[in-house]
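Top to bottom, those sequences are chains L and Y. Sequential numbering from 1 applies to the first sequence in this note's numbering. Sequential numbering from 1 applies to the second sequence in this note's numbering.
Hints are computed from structural coordinates only; laboratory data are not their basis. Bear in mind the structure is a predicted one, so any value in this text is a computation, not a measurement. Among these hints, one or two may not hold up.
Unchecked claim - Derived lysine-lysine pairs resembling DSS-like cross-links, with alpha carbons at most 27 angstroms apart: (1) K178/Y <-> K97/Y; (2) K56/Y <-> K97/Y; (3) K71/L <-> K448/L; (4) K97/Y <-> K3/L; (5) K44/L <-> K339/L; (6) K3/L <-> K169/Y; (7) K56/L <-> K56/Y; (8) K75/L <-> K95/L; (9) K175/Y <-> K3/L; (10) K38/L <-> K67/L; (11) K425/L <-> K448/L; (12) K38/L <-> K339/L; (13) K340/L <-> K3/L; (14) K3/L <-> K178/Y; (15) K95/L <-> K137/L.
Unchecked claim - Examples of chain Y residues toward chain L, derived with CB under 8 angstroms: (16) G10; (17) K55; (18) L94; (19) F149.
C-beta atoms are modelled at their ideal positions from N, C-alpha and C, and glycine is treated no differently.
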Amino acid sequence: MGKNRILVVDDEEIMRSSLSDWLREDGYDVLAIEDGYKAIDLVKEEEWDLAVVDLKMPKIDGLEVLKQINKIKPKLPVIIITAYATVDTAVVAMKEGAADYIVKPFNPEEISFVIAKLVEHQRLVKENIRLRRALAKRFQFQDLVGKSAKMLDVIEMIKTVATTKSTVLIKGESGTGKELVARAIHELSPRNKHPFIAAACGAIPETLLEAELFGYEKGAFTGATSQHRGRIELADKGTLFLDEIGDISLKTQVDLLRFLQEREFRRVGGKEILTVDIRIIAATNKNLEDMIASGEFREDLYYRLNVINIVVPPLRERREDIPLLADHFLEKYCLDTGKKIDGISEQLMKVIMEYDWPGNIRQLENTIEHAVVVAKESEIQKEDLPEYLTLSKAEVDKGEASHSLEDLEKKHILHTLQTNRWNVKKSAQVLGINRVTLYNKIKKYALKQDK
Amino acid sequence: MKYFYVKSMGTVDIHLLQELCEGLQALFPYPFRIVQNMSYPLYAFEPRRSQYYAKKIIEQLLCEIPGDCEKMLCVTDVDLCTPVLTFVFGEAQLDGKVAIVSLNRLRQEFYALPSDCAMLKDRLVKECIHELGHCYGLYHCHDSQCVMFLSNNLISVDNKQRDFCDQCKEFFRTKIIKETHGQE
Numbered sequence: 001m002g003k004n005r006i007l008v009v010d011d012e013e014i015m016r017s018s019l020s021d022w023l024r025e026d027g028y029d030v031l032a033i034e035d036g037y038k039a040i041d042l043v044k045e046e047e048w049d050l051a052v053v054d055l056k057m058p059k060i061d062g063l064e065v066l067k068q069i070n071k072i073k074p075k076l077p078v079i080i081i082t083a084y085a086t087v088d089t090a091v092v093a094m095k096e097g098a099a100d101y102i103v104k105p106f107n108p109e110e111i112s113f114v115i116a117k118l119v120e121h122q123r124l125v126k127e128n129i130r131l132r133r134a135l136a137k138r139f140q141f142q143d144l145v146g147k148s149a150k151m152l153d154v155i156e157m158i159k160t161v162a163t164t165k166s167t168v169l170i171k172g173e174s175g176t177g178k179e180l181v182a183r184a185i186h187e188l189s190p191r192n193k194h195p196f197i198a199a200a201c202g203a204i205p206e207t208l209l210e211a212e213l214f215g216y217e218k219g220a221f222t223g224a225t226s227q228h229r230g231r232i233e234l235a236d237k238g239t240l241f242l243d244e245i246g247d248i249s250l251k252t253q254v255d256l257l258r259f260l261q262e263r264e265f266r267r268v269g270g271k272e273i274l275t276v277d278i279r280i281i282a283a284t285n286k287n288l289e290d291m292i293a294s295g296e297f298r299e300d301l302y303y304r305l306n307v308i309n310i311v312v313p314p315l316r317e318r319r320e321d322i323p324l325l326a327d328h329f330l331e332k333y334c335l336d337t338g339k340k341i342d343g344i345s346e347q348l349m350k351v352i353m354e355y356d357w358p359g360n361i362r363q364l365e366n367t368i369e370h371a372v373v374v375a376k377e378s379e380i381q382k383e384d385l386p387e388y389l390t391l392s393k394a395e396v397d398k399g400e401a402s403h404s405l406e407d408l409e410k411k412h413i414l415h416t417l418q419t420n421r422w423n424v425k426k427s428a429q430v431l432g433i434n435r436v437t438l439y440n441k442i443k444k445y446a447l448k449q450d451k
Numbered sequence: 001m002k003y004f005y006v007k008s009m010g011t012v013d014i015h016l017l018q019e020l021c022e023g024l025q026a027l028f029p030y031p032f033r034i035v036q037n038m039s040y041p042l043y044a045f046e047p048r049r050s051q052y053y054a055k056k057i058i059e060q061l062l063c064e065i066p067g068d069c070e071k072m073l074c075v076t077d078v079d080l081c082t083p084v085l086t087f088v089f090g091e092a093q094l095d096g097k098v099a100i101v102s103l104n105r106l107r108q109e110f111y112a113l114p115s116d117c118a119m120l121k122d123r124l125v126k127e128c129i130h131e132l133g134h135c136y137g138l139y140h141c142h143d144s145q146c147v148m149f150l151s152n153n154l155i156s157v158d159n160k161q162r163d164f165c166d167q168c169k170e171f172f173r174t175k176i177i178k179e180t181h182g183q184e
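One chain only, chain Y, in its complex shape:
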């Protein structure tokens, strides 16, 4: 039996994680397991930018993957970046096992706006589906309504749906079938 592991890193509300799993369940055909981890990934901290390198966290998580893990999704409240980008909402291994999404820039508060839990949850679900899509080999989609559309700002995150477009859905479905058969 394979599981989707949803792992928190830093300060992440458990209720938000539970709601996230409910949101993901509609698309991903595996049971979810939540693992809470309160510590911060200091090994990935970049002091000059006061941010955390997403790829370093992914590399560390890869070393911690349980044997029954289908994919591991990490949710953190730290601000993520890459060496070439000023920030990322999330990062994933293309056709790999691990993805990470940051709550930091998905929160209204980051932009000095009043907090909105429903909005945060909606954005988190979308970005998690997006990053997990990369783990299944999906590229960015040109359809701005598709969850695989590249979002560099909250307007485009809010604008897209929580679902794949027909083309991405077909690719994803085929991939899941292939992987399931591969395991058998």
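Just chain L, with the same shape it has in the complex:
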């Protein structure tokens, strides 16, 4: 284990050398400097376990150094030392977050005790961060993170179905991680050496979907200048993931049903009957039973797909997973951005624990990414969140007595679209949903841009 590092800031050379000599005898790695501004830079750039800062210094006083350090590294303990103790400065120092306020010269027993206590506290803080990260990994299954009962049920189901060939239907709201569940099934299955091919049915125009799934022969339609293998063929021996299955037309539903029944197909414009060995996993955020009732989805196809049913819970129903997920995304985006951020402030955690996350985990991930990008301190703060998350309840309600969930969703989507000048791509990112879902919502709520 490395030595604990202490930064000593005092304008008097004799104090610096005396204190650092004594701390070195105690086995600490000490850097003693005279300039408070340099101390602030060093706190930004390097890792410290404790800072001991003199109150009265010519360029910048100890209280200002303390304030700055608290902004940069709120968890770094700072002891304010002074030869001119007053009750006022002691009160201000403690209010500003000083770990202690000690009068020079120190009683050796007192200073030893205070420093040992703070260094030990700092060790525990660091260990806590390390353990939380380890915990996030412990509760990570493939790319799925969670320890809630609902998520553990999903993981158990994944393990059970992975070894079989059965078709799986994954249900869940947008952004809950349905594709991650599908990928986990594939990775745990004997097919994992073969391709996992995903097709976002809702994102592919209806006219192209058939050709995209089944492939086409040269000359099958205008622009078909060469033979093209469809996703079903590409997934041979592997897994085909049909996302947004509720968005496909009745015509494609018939084609897909035929393929599922016979496991044979023809490329568009082709005569040759092809066979493949694939496992089908479908996913939807729609209520297929309602769609069957309204004639929008074929019942026979539904039963073909719904052999094994996995329901991925929305984030608001697994709130206990939010800290784990937030830590997981924090680590991911720290790696991506090269930023060194130790954790998440309590205030931010409170906000994200209380929010309902209509865009589910995708929205949470985007939120943490946003916070990491704008963060200036060693912890991501409430202020680093996108504005819509931190609006007070009163601001959200603004004179309106009650809302249904749909009212709130409509208002939130409209607000996001207006904030982003009706840029659908950007708004979808902010909301943590994909563009197709956003278009569907715009249609559903008949949202229109003000001219």
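Mind docking chain Y on chain L? Use the hints.
Chain Y alone, transformed into the frame defined by chain L:
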């Protein structure tokens, strides 16, 4: 041939110094030479605190080191302090040549208790080993029984042993071997 110099400063009983050398001999593999100096280090006196700055005395002693000196240990009866600490039992140069220990706060009389020569000698030996340990590069030890444990009060001085713990002993032994080979 290298010697350990034990130098008194102020009023220090010669018999106590001789007993100290006998106590140290068990751990430090060099012959001891006692040098008596009755004068007080007025250059290190801090009138506002009525104490003496230990570091200033060490700096002066460094200028007086004989060529055949392995380490110099100064024993004084004045009350020692540093600019940041209200008092110290002793002070040493970490990985250096000189150490100093004060008898002042090791005496029972300082705390208005009856004098106890045996206790004083035991405390003096422990604090001298402790400071000389720093001269050999040893840091404070977390083992409260080890002589390198940081003692800020007499209870912890009395509680610790006159010896290094196994870990400190190993460090000290390696250091002595290295220094001996370095000299060769």
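Hints, one by one, checked against the model:
For the proposed pair K178/Y and K97/Y, the alpha carbon gap of about 16 angstroms is at most 27 angstroms, so the pair holds. Taken as a hint, the K56/Y and K97/Y pair is honoured in the structure, with Cα atoms around 14 angstroms apart against an allowance of 27 angstroms. Between the alpha carbons of K71/L and K448/L the distance comes to roughly 43 angstroms, so the proposed pair goes past 27 angstroms and is violated. Pair hint K97/Y plus K3/L holds up; C-alpha atoms about 24 angstroms apart against a cutoff of 27 angstroms.
Straight-line distance between C-alpha atoms of K44/L and K339/L comes to about 12 angstroms, which keeps the hinted pair within the 27 angstroms bound. In summary, the hint linking K3/L to K169/Y is supported, as the alpha carbons are separated by about 20 angstroms, within the 27 angstroms threshold. The straight-line distance between the Cα atoms of K56/L and K56/Y is roughly 25 angstroms, inside the 27 angstroms bound, and the hint therefore holds. As the CA atoms of K75/L and K95/L are separated by approximately 15 angstroms, the hinted pair is consistent with the 27 angstroms bound.
For the hint pairing K175/Y with K3/L, the CA-to-CA distance comes to about 20 angstroms; that is within 27 angstroms, so the pair holds. Between K38/L and K67/L the CA atoms are separated by roughly 14 angstroms; this keeps the pair inside 27 angstroms, and the hint holds. Under the criterion of a C-alpha separation no larger than 27 angstroms, the hint pairing K425/L with K448/L is consistent with the structure, at around 16 angstroms. Proposed proximity of K38/L and K339/L is supported: the alpha carbons are some 21 angstroms apart, at most 27 angstroms.
With a C-alpha separation of about 21 angstroms, the suggested pairing of K340/L with K3/L holds against the 27 angstroms cut-off. For the hint pairing K3/L with K178/Y, the CA-to-CA distance comes to about 23 angstroms; that is within 27 angstroms, so the pair holds. Note on K95/L and K137/L: the hinted pairing is violated, with a Cα-Cα distance of about 37 angstroms set against a maximum of 27 angstroms. With 8 angstroms as the threshold, the beta carbon of G10/Y stays out of range of chain L, its nearest partner Cβ sitting at about 22 angstroms, so the hint is violated.
Given the 8 angstroms rule on beta carbons, the hint for K55/Y holds: about 7 angstroms separates it from the nearest Cβ of chain L. Nearest Cβ of chain L to the Cβ of L94/Y: about 6 angstroms, under the 8 angstroms cut. The hint holds. Given the 8 angstroms rule on beta carbons, the hint for F149/Y is violated: about 11 angstroms separates it from the nearest Cβ of chain L.
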